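Enquirer: Sequences listed follow chains S and U, in order.
At position 42 of the first sequence (counting the first as 1) the number is 24 in our numbering, and the numbers step up by one without a gap.
Convert by adding 70 to the 1-based position in the second sequence; the result is the number in our numbering.
Treat each hint with caution, since some may be false.
No farther apart than 20 Å at their CA atoms in a straight line, the calculated lysine to any residue pairs in the SDA-like style are these [unchecked claim]:
{"id": "1", "chain 1": "S", "residue 1": "Lys361", "chain 2": "S", "residue 2": "Gln247"}
{"id": "2", "chain 1": "S", "residue 1": "Lys78", "chain 2": "S", "residue 2": "Lys243"}
{"id": "3", "chain 1": "S", "residue 1": "Lys180", "chain 2": "U", "residue 2": "Val145"}
{"id": "4", "chain 1": "S", "residue 1": "Lys180", "chain 2": "U", "residue 2": "Phe140"}
{"id": "5", "chain 1": "S", "residue 1": "Lys180", "chain 2": "U", "residue 2": "Thr170"}
{"id": "6", "chain 1": "S", "residue 1": "Lys180", "chain 2": "U", "residue 2": "Pro141"}
{"id": "7", "chain 1": "U", "residue 1": "Lys75", "chain 2": "S", "residue 2": "Ser108"}
{"id": "8", "chain 1": "S", "residue 1": "Lys180", "chain 2": "U", "residue 2": "Val143"}
{"id": "9", "chain 1": "S", "residue 1": "Lys180", "chain 2": "U", "residue 2": "Lys75"}
{"id": "10", "chain 1": "S", "residue 1": "Lys180", "chain 2": "S", "residue 2": "Pro94"}
{"id": "11", "chain 1": "S", "residue 1": "Lys60", "chain 2": "S", "residue 2": "Ala28"}
{"id": "12", "chain 1": "U", "residue 1": "Lys75", "chain 2": "S", "residue 2": "Gly106"}
{"id": "13", "chain 1": "S", "residue 1": "Lys180", "chain 2": "U", "residue 2": "Pro146"}
{"id": "14", "chain 1": "S", "residue 1": "Lys180", "chain 2": "U", "residue 2": "Arg138"}
{"id": "15", "chain 1": "U", "residue 1": "Lys75", "chain 2": "S", "residue 2": "Ala105"}
{"id": "16", "chain 1": "U", "residue 1": "Lys75", "chain 2": "S", "residue 2": "Pro103"}
{"id": "17", "chain 1": "S", "residue 1": "Lys180", "chain 2": "U", "residue 2": "Pro171"}
{"id": "18", "chain 1": "S", "residue 1": "Lys180", "chain 2": "U", "residue 2": "His137"}
{"id": "19", "chain 1": "S", "residue 1": "Lys180", "chain 2": "U", "residue 2": "Pro169"}
{"id": "20", "chain 1": "S", "residue 1": "Lys243", "chain 2": "S", "residue 2": "Arg(-16)"}
{"id": "21", "chain 1": "U", "residue 1": "Lys75", "chain 2": "S", "residue 2": "Ile107"}
{"id": "22", "chain 1": "S", "residue 1": "Lys2", "chain 2": "S", "residue 2": "Lys47"}
No lab work stands behind these hints, which were simulated from the structure alone.
Predicted model, so just to flag it, every value in this text is computed and none were measured.
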Amino acid sequence: MRDVYIVGIDMLRFGRFPGKTPGELGAEVALGAMDEAGVSIRDIQALYCGNQFDPVGMIAQDVQKQIGQTGIPSANIKNACATGATTLREAMFLIKAGAADITLAVGCEVMPRGLLGGGEPAAGISTEGLLGSGSMPCVFAEAGHAYARDYGTSFAQFAQVSVKNHWHSTMNPKAMYQKETPLEEVMQAEMIAYPNTKLMCSVNVDGAAAAVLMSEEEVRRRGLMGQAVKIRASALASDPYTPRNLAMWDINTATRMAADKAYEQAGLGPDDIDLVELHDCFATAELLHYENLRLCGVGEAGRMIDTGETRLGGRIPVNVSGGLLSKGHPIAATGIANMYEVVAHLRGTAGARQVEGARLGMTHVVGLGTVAAVHILEKSL
Amino acid sequence: MAIPKSVAPWLVVDAEGRAHVEARRCSVCAAILTAPSLACPSCGARGTLQPFMVTPTGRLHSYSIVHRSFPGVTVPFISVVVDMDDGTVLKGNLRGVAPTPDAICFDMPVRLVFDDAGRQDREGNRYVSYFFEAA
Chain S
-17 MRDVYIVGID MLRFGRFPGK TPGELGAEVA LGAMDEAGVS IRDIQALYCG NQFDPVGMIA
43 QDVQKQIGQT GIPSANIKNA CATGATTLRE AMFLIKAGAA DITLAVGCEV MPRGLLGGGE
103 PAAGISTEGL LGSGSMPCVF AEAGHAYARD YGTSFAQFAQ VSVKNHWHST MNPKAMYQKE
163 TPLEEVMQAE MIAYPNTKLM CSVNVDGAAA AVLMSEEEVR RRGLMGQAVK IRASALASDP
223 YTPRNLAMWD INTATRMAAD KAYEQAGLGP DDIDLVELHD CFATAELLHY ENLRLCGVGE
283 AGRMIDTGET RLGGRIPVNV SGGLLSKGHP IAATGIANMY EVVAHLRGTA GARQVEGARL
343 GMTHVVGLGT VAAVHILEKS L
Chain U
71 MAIPKSVAPW LVVDAEGRAH VEARRCSVCA AILTAPSLAC PSCGARGTLQ PFMVTPTGRL
131 HSYSIVHRSF PGVTVPFISV VVDMDDGTVL KGNLRGVAPT PDAICFDMPV RLVFDDAGRQ
191 DREGNRYVSY FFEAA
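Okay, chain U solo, but in the shape it has when bound (with noise of 0.2 Å):
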């Protein structure tokens, strides 16, 4: 079977078909970073951005209850921001939770998921995602 793609630069997808959250951050000036760049978006130098696999587990810096997306999309469902551990920032679903404000506070513990997008593209693609859970 085929090895699923990445939904996103910076999800690793390897050869056995394992996913893991890879960052990169400034030898300068230790900016974090997800999305690609040509040189270091916070102080410019370039060849300085070393990648890392990001620590699984980080707290909900914030979040918003979503009912009404895009034709096709499924709601309603919890968008997160979350810091994780080790100071990179990610934005995601957070799952398994119930989409209400009484079941979400802020600063709660949350840990990194790798699952099947359940989506594919116009040439039948799989697509691994990573998700959120409660710690």
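This is chain S alone, in the form it adopts within the complex (with noise of 0.2 Å):
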């Protein structure tokens, strides 16, 4: 199949859109993406919108109510924290499969306040607080904890990773916090599911990405080369049958069979990619997805961490954009900002956090049920 490139790519700055719906921020952000690509709404022949909480979930009509109604088939995709990234995999396929040759992908969210993953039945009674707690700075306390337990991670060793992704936020103007955040601020913030204190959790913020995708074809006949980027690998799994998965979501084993796909699919290793920008939902999920997405060998995600590896100027920087912990997570934006952040770094144009000379960047997300989408980008020659 052929090949197919990020040619525009826009996201918000993440933060609180009081009164926004998804449609208008995505709107916003599909219409930073075309200019980019320098295409309008006419030359867009497809488009895949990603939302996970809106009620009715029309967002890709809602969408082109605010940008231009032109008839192109379109579709909604909700897929939890991965629907970002599926929404632009749906919409390179159609361009892939030879159906189009210019598509948009758009992800957006308002996003629900408060703690996520629990709330009232609707018959019955409540199992949180009774069968364990089903919150999510829980569940993935308990997905840290399961790796501390064969290889000793430390409290400290998980807050390390909220100290490196809040000072990679200070360089990142698209970040919702911009704050260093030390070791002791970190542990000693308020305590939510131990070892996860709320600096150790992702900002709930709303947000929107888009992408304009287009065949090589058309990118040559545009003479878009320079500024294309190649969607080398894109994999996605669900999580096959462990004996715990009834009891505790398994993040590992999905996000492993993608990762793996992803390096077969591009004819690469964990060696050759130069930045990646994972799923930092909480502090305790970063260090296991060092191991997952083989940026390291079995039991090192402490060592990784301890050393530094990971930080800015790092061996193989993670998170530089400040991450979810920092830059925020609305869910069905995260996995195209994720991209935004990759590309940035492969046209040189990250500013201050730019990883110097990056030619490949992997992106990373994982949505609780599971599914976990991997991708990797290369610079264009």
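Can you join these two chains into the complex? Each is in its own frame, and there are hints to help.
Expert: This is the structure:
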């Protein structure tokens, strides 16, 4: 199948947009991505739109009502925290299949407030606090502790992830927060679900991100190869049965399967990757994914954070955008926003946080249920 | 007095109100399951899931101490994932143990106990739940 490129990409600075609808947020970044690609809504042949929480969910059509109703095929996609990445992947496949040359992928979210992962059941009683906790901070604390059980990872090592990502975000004007948080501040912040303190939980914010995709022929015809970024690999995996996945969400197996498929598609290995934007929804999760994405060997994630290998300037910088922990995590926008970050580095426009000489970047998201998406993006020659 | 209801499909309450945890094992691939399914989620075989009573002892696989939860839920409490001795995996609350990291260790032996859930639904029905205690 033919190669597909990201030619225009945009994201809002994540934050809170009271009174705005997901469609309004999505329309804003759709225009930004189209402007960067030098196309109008009349050039877009299909639109895929990702959103998790809107009760009606016809956001692709809402976006078109804002920016132009041209009658094109469109579809709405919901895939938990992998929604944005899945949306872009669908827009990519239409081009790969030869059914379009230019498509638009939008991920937009107006988030519910407070803790995610619980609430009152339709019938019976809530089991929250009875059969453990289904809150996201607890679920990811348990995932982190399963790793700590095997490899002795400490509270301080998990907390160092937040120190690193908050430092990175001070260099990213699109991050919700741009404030350094020393280790003591992270560890002494309000405890939510041990070992995750408030500063070790991703930021609940609204946001949107969008990308214009083109076939290689279309990129060349329009003379846009200088700004185009190739989608070198795109992999999606659901969790297979494991003995524990009825009692705890398995965020590891699906991530490993997607990562291995992506490396195989690209014909590359972990040593070829220059930067990674991975799913640090909680500080406990980031360390697990070092190993899941094959960035380190078995049990070496603690060492990776101790030695600074994943800091800007380290061997393999991870979440130089500030990550979900500081940039923010508007569910359906996150997957495309990760790609916005990697595209900036591959184009050399990431400013103070630029990973020098970056040619290949990886993005990863994992949505509970469970689904994981991994993409490898490559700088054009 | 009415028999209390169960908090989960895998917690069985008999006509006398006695409770036990029941899991199912696939006779083809030996996968162990708690939640209901139409076929074996591990191998896809149909009609092969045989119910069995879960051994009430196990070891703590992972945990979190929950300090912030949803409105109306008493905190702090200890949420645990337990590997039961027969291979079943269950999630629940660990009670009778101080909610501090020093009091909890990986692989500590625990046992299942059954008790009133302490909550009622909108119709006023009582529920029985399972809990873990240090063994």
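Enquirer: Against which earlier hints does the structure fall short, listed by number upward?
Expert: 9
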